[in-house]
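*Asks:* If you want the building blocks of each chain, they are given just below.
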Amino acid sequence: MLSYTLKRLLTLLPTLIAASILVFLFVHLIPGDPAAVLLGDTATPQEIAALTREMGLDKPLWQQYTLWLSEVAKGNLGQSIFFKAPVTSIIADGAQTSILLATMTIFWIIIFGIPIGVLSATRQGSWVDQLTSGLAMFFASVPTFWLGLYLILIFAVGLGWFPSSGFPSIFDEGGISNLRYLLLPSLTLAAPNAALIIRLVRASMLDISREDHVRTARAKGLHPTKVAIKHVFRNALITVVAAFGFTFAALVSEAVVTETVFSLPGIGRLVVQSILRRDYPVIQGVILVIVVLYLFINLLVDLAYAMLDPRVSLK
Amino acid sequence: MKRNNWWKSILGVVLYGLLVGSGWTAGTLRYATVGEPPSLDQHVVTSDLATTIAHHMFEGLYTFNAANSPVNLLAAGDSLSEDGKIITISLRDDVKFHNGQAMTSVDVVASMKRWGEFGSRGGLLFSNVDSVEASGEYEIKITLSQSFGPWKNLLAFINGGPAIYPASVMEGATKEPIEPKNYIGTGPYKFSEWQPNRHVELVRFDDYTSPSGAADGYGGERKANFDSLRFMPVPDAGTRVAGIKAGDYDYAESIPGDLYAELDADSGVNTILNGGPIFGLVFMNSKDGPLKENFELRRAIQTAIDKTPALQVAIGPEGLWRANGSFLPEGNVWYSESGAENFSKGDAEAAKSMAEAAGYTGDPIKFMVSTNYPFHYDTAIVYTKQLANAGFNIDLQVYDWATLIEKRAQPDQWDLFFTHHGFVPDPILISVMNDNYPGWWVTEEKAALKSRFTATSDPAERQAIWSEIQALIYKQVPTMKTGDVYTYNIASPSLQGLGEATLIWPHFWNVSK
Numbered sequence: 233m234l235s236y237t238l239k240r241l242l243t244l245l246p247t248l249i250a251a252s253i254l255v256f257l258f259v260h261l262i263p264g265d266p267a268a269v270l271l272g273d274t275a276t277p278q279e280i281a282a283l284t285r286e287m288g289l290d291k292p293l294w295q296q297y298t299l300w301l302s303e304v305a306k307g308n309l310g311q312s313i314f315f316k317a318p319v320t321s322i323i324a325d326g327a328q329t330s331i332l333l334a335t336m337t338i339f340w341i342i343i344f345g346i347p348i349g350v351l352s353a354t355r356q357g358s359w360v361d362q363l364t365s366g367l368a369m370f371f372a373s374v375p376t377f378w379l380g381l382y383l384i385l386i387f388a389v390g391l392g393w394f395p396s397s398g399f400p401s402i403f404d405e406g407g408i409s410n411l412r413y414l415l416l417p418s419l420t421l422a423a424p425n426a427a428l429i430i431r432l433v434r435a436s437m438l439d440i441s442r443e444d445h446v447r448t449a450r451a452k453g454l455h456p457t458k459v460a461i462k463h464v465f466r467n468a469l470i471t472v473v474a475a476f477g478f479t480f481a482a483l484v485s486e487a488v489v490t491e492t493v494f495s496l497p498g499i500g501r502l503v504v505q506s507i508l509r510r511d512y513p514v515i516q517g518v519i520l521v522i523v524v525l526y527l528f529i530n531l532l533v534d535l536a537y538a539m540l541d542p543r544v545s546l547k
Numbered sequence: 002m003k004r005n006n007w008w009k010s011i012l013g014v015v016l017y018g019l020l021v022g023s024g025w026t027a028g029t030l031r032y033a034t035v036g037e038p039p040s041l042d043q044h045v046v047t048s049d050l051a052t053t054i055a056h057h058m059f060e061g062l063y064t065f066n067a068a069n070s071p072v073n074l075l076a077a078g079d080s081l082s083e084d085g086k087i088i089t090i091s092l093r094d095d096v097k098f099h100n101g102q103a104m105t106s107v108d109v110v111a112s113m114k115r116w117g118e119f120g121s122r123g124g125l126l127f128s129n130v131d132s133v134e135a136s137g138e139y140e141i142k143i144t145l146s147q148s149f150g151p152w153k154n155l156l157a158f159i160n161g162g163p164a165i166y167p168a169s170v171m172e173g174a175t176k177e178p179i180e181p182k183n184y185i186g187t188g189p190y191k192f193s194e195w196q197p198n199r200h201v202e203l204v205r206f207d208d209y210t211s212p213s214g215a216a217d218g219y220g221g222e223r224k225a226n227f228d229s230l231r232f233m234p235v236p237d238a239g240t241r242v243a244g245i246k247a248g249d250y251d252y253a254e255s256i257p258g259d260l261y262a263e264l265d266a267d268s269g270v271n272t273i274l275n276g277g278p279i280f281g282l283v284f285m286n287s288k289d290g291p292l293k294e295n296f297e298l299r300r301a302i303q304t305a306i307d308k309t310p311a312l313q314v315a316i317g318p319e320g321l322w323r324a325n326g327s328f329l330p331e332g333n334v335w336y337s338e339s340g341a342e343n344f345s346k347g348d349a350e351a352a353k354s355m356a357e358a359a360g361y362t363g364d365p366i367k368f369m370v371s372t373n374y375p376f377h378y379d380t381a382i383v384y385t386k387q388l389a390n391a392g393f394n395i396d397l398q399v400y401d402w403a404t405l406i407e408k409r410a411q412p413d414q415w416d417l418f419f420t421h422h423g424f425v426p427d428p429i430l431i432s433v434m435n436d437n438y439p440g441w442w443v444t445e446e447k448a449a450l451k452s453r454f455t456a457t458s459d460p461a462e463r464q465a466i467w468s469e470i471q472a473l474i475y476k477q478v479p480t481m482k483t484g485d486v487y488t489y490n491i492a493s494p495s496l497q498g499l500g501e502a503t504l505i506w507p508h509f510w511n512v513s514k
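Protein chains in written order, with the working numbering: chain A, 233 to 547; chain B, 2 to 514.
Hints were generated in silico from the structure; no laboratory data involved.
Just to be clear, a hint being listed does not mean it is correct.
Unchecked claim - Incomplete in silico selection of chain A near chain B, CB under 8 Å:
1. D265
2. G307
3. I384
Predicted, not measured: the structure shown is a model, and the values here were computed from it.
Even glycine gets a Cβ: it sits at the ideal position worked out from N, Cα and C.
Based on the provided sequences and hints, a complete structural model is requested.
*Replies:* Spelled out as structure tokens, the structure:
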């Protein structure tokens with residue numbers, strides 16, 4: 233397993249370089265100029281051109297790319313054009329929010345998604361199954377901005393139980409209690425994802441329950457709960473683990489709508505705002521980090537497969 | 002500690018924290034903004050959001066009172082030579098920068114020079130300035146090449162204006178905005194931190210010395226009642242409203258017009274109209290394409306449009322907009338109806354014949370608009386329909402704002418583009434007066450009037466010349482005003498001292514909760 237892991241880590245390098253070239257090209261080829269955004273509507277083309285020159289953005293693309301890559305190799309993702317702060321620290325701050333949000337969301341998905349999925353599969357066709365399937369379909373279909381705004385209206389404005397928006401860092405005043413800012417957004421994000429996990433667990437378990445080894449287990453007189461958990465659920469888990477891996481990566485990088493509705497300073501909103509501002513170093517940095525995250529999670533999922541299913545070989 | 006007790010302890014701490022909560026200190030004003038400013042450097046950045054934050058930190062020599070007249074801020078007094086060419090400004094001797102250093106003429110001269118060379122609006126004044134020098138520890142002398150009437154208004158307008166920084170900060174400063182570590186001003190609040198995506202925080206400057214006199218607009222006494230001001234980006238308008246209602250914010254800006262009636266009737270929220278309206282502008286290309294020098298065709302486009310339906314669609318409630326043809330609003334000293342009879346004719350038939358007479362044969366007219374500002378896009382959709390009814394072939398090109406800004410700098414890329422303008426206290430600051438602004442309106446008639454307009458300091462004469470300029474705008478149509486838009490903000494009822502309306506940017510000195 234160790235040699236497999238090392239080999240996989242090595243193959244990440246060319247993927248990363250290819251991704252960095254693509255990201256750099258796409259970011260610089262879209263029209264729009266950070267100098268123009270920075271100077272505002274009253275700036276004249278001459279003033280914009282002067283600032284573009286001053287920031288070194290008039291150099292040939294290949295020169296800008298090699299300069300950037302050589303800095304990235306030293307662990308320096310550059311300096312934000314707008315915040316005049318290191319990109320690494322801006323991303324680290326965004327990542328704190330996104331990772332905490334994704335972790336809380338996964339927590340809710342596990343708490344609600346798996347037990348309800350198992351219940352639904354073991355009670356196939358019953359009113360419990362129909363009710364949970366209906367609710368799952370409802371939450372999978374509801375737009376997150378709608379759900380988010382209603383949760384704010386009910387739990388923040390109406391009942392006053394939770395803050396409506398924002399997220400002060402857990403290292404700031406308030407410390408760990410600031411996590412309460414993430415309760416409503418994580419529930420909002422969890423709703424459609426838990427619904428999908430419910431459907432996935434149910435479908436996988438029903439598939440597996442029709443297989444020969446399950447029939448044999450039942451024929452041997454094993455207790456139905458034991459059959460469901462040990463023989464059906466454990467095998468269904470392989471599909472679910474893969475889904476969790478990619479859900480986590482997506483939650484970290486793509487929670488733009490939820491981050492916007494709840495004003496969370498996460499990675500998703502950071503990248504969208506940076507694109508609108510044409511803050512090239514931040515866009516490049518964030519996308520690079522997201523690529524690394526996806527590659528890393530892909531690797532973890534593959535390793536998890538091997539651990540869960542002895543038939544899977546890593547050679 | 003036993004293993005099973007370990008996780009229970011952590012869970013206990015988390016639950017305790019969640020239940021108790023952190024709370025905010027009563028001395029913090031929490032302001033929900035629509036986004037983040039590009040920078041807070043007032044010399045080069047003209048974003049209104051940047052000024053909303055930065056004018057608590059940075060001050061200029063003058064500011065505006067409630068009647069939009071310039072009054073002393075860091076200046077103690079001034080005199081103008083008889084020929085109008087030498088301005089002598091005496092400075093207050095009790096002003097300290099946030100770094101503890103006393104402000105002297107050296108800092109003022111350094112700031113004026115940087116603003117004059119690199120500032121967004123500095124060129125307007127400095128194209129007429131021969132020299133700026135210190136004539137004493139607390140006195141500066143500005144020598145002009147010719148008399149320039151609007152000098153005091155330009156020095157008082159802090160947005161893209163001459164904020165006073167320490168000379169050490171100005172050393173080597175260019176067009177690129179200065180870094181946050183150099184945000185050192187003289188205002189009642191000083192810079193504390195900028196956490197990207199989270200907040201910009203200012204804290205009270207304890208050594209602040211306020212200008213004398215009763216508070217009047219931005220002038221007079223400034224008292225910092227809050228310990229800190231925290232400006233937090235909350236991009237979703239619904240969340241900003243919910244945040245005020247839930248007590249998470251004290252003040253929220255840019256609320257959609259559709260919600261005005263409901264919020265105005267809500268006792269849990271105070272609505273505050275902005276006294277200075279913003280106005281949309283559709284610029285026409287004077288450098289390239291079918292509209293270049295074809296004033297008749299431009300007038301045909303102007304004649305085709307009825308501004309009221311677009312304002313109804315884009316803004317909503319009638320109290321929030323006015324189909325006003327004057328570039329400055331009613332009640333303002335610059336208000337003029339000159340040429341405004343052509344503001345909103347909405348006569349498709351007349352427009353069709355005018356276009357034919359102007360030689361228009363149905364070639365596409367490229368109209369650029371951005372969706373970043375919904376009212377731009379909504380208005381452009383209505384205009385496109387009205388122009389089509391008058392026989393114009395409009396090619397509506399929709400971009401994000403950054404792309405539009407880049408494209409409008411290229412004369413061959415567009416014929417019309419939509420933007421908007423903030424309220425300004427002197428018409429010289431309106432972008433169409435700048436020959437280099439995209440649209441590039443440069444005609445002999447404009448040059449002659451502009452020269453007369455800036456040469457005199459006499460208010461009545463300047464107002465009369467401005468009326469002539471406005472009439473020329475309606476005749477040559479370098480841009481079309483789309484109407485006044487009164488944006489509004491909302492605040493928690495607990496905030497005291499906000500006043501009935503915001504002058505241009507909200508301010509929080511003399512405000513408490």
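*Asks:* All hints, please: hold or fail.
*Replies:* So, going through the hints one by one against the coordinates:
Interface hint status for A/D265: upheld, as the beta-carbon distance to the closest one in chain B is roughly 5 Å, under 8 Å. This hint is violated: A/G307 has a C-beta 20 Å from the nearest C-beta of chain B, more than the 8 Å allowed. Hint on A/I384 holds. Least Cβ distance to chain B is approximately 5 Å, under the 8 Å limit.
Checked against the numbered hints above, the structure breaks only hint 2 and satisfies the rest.
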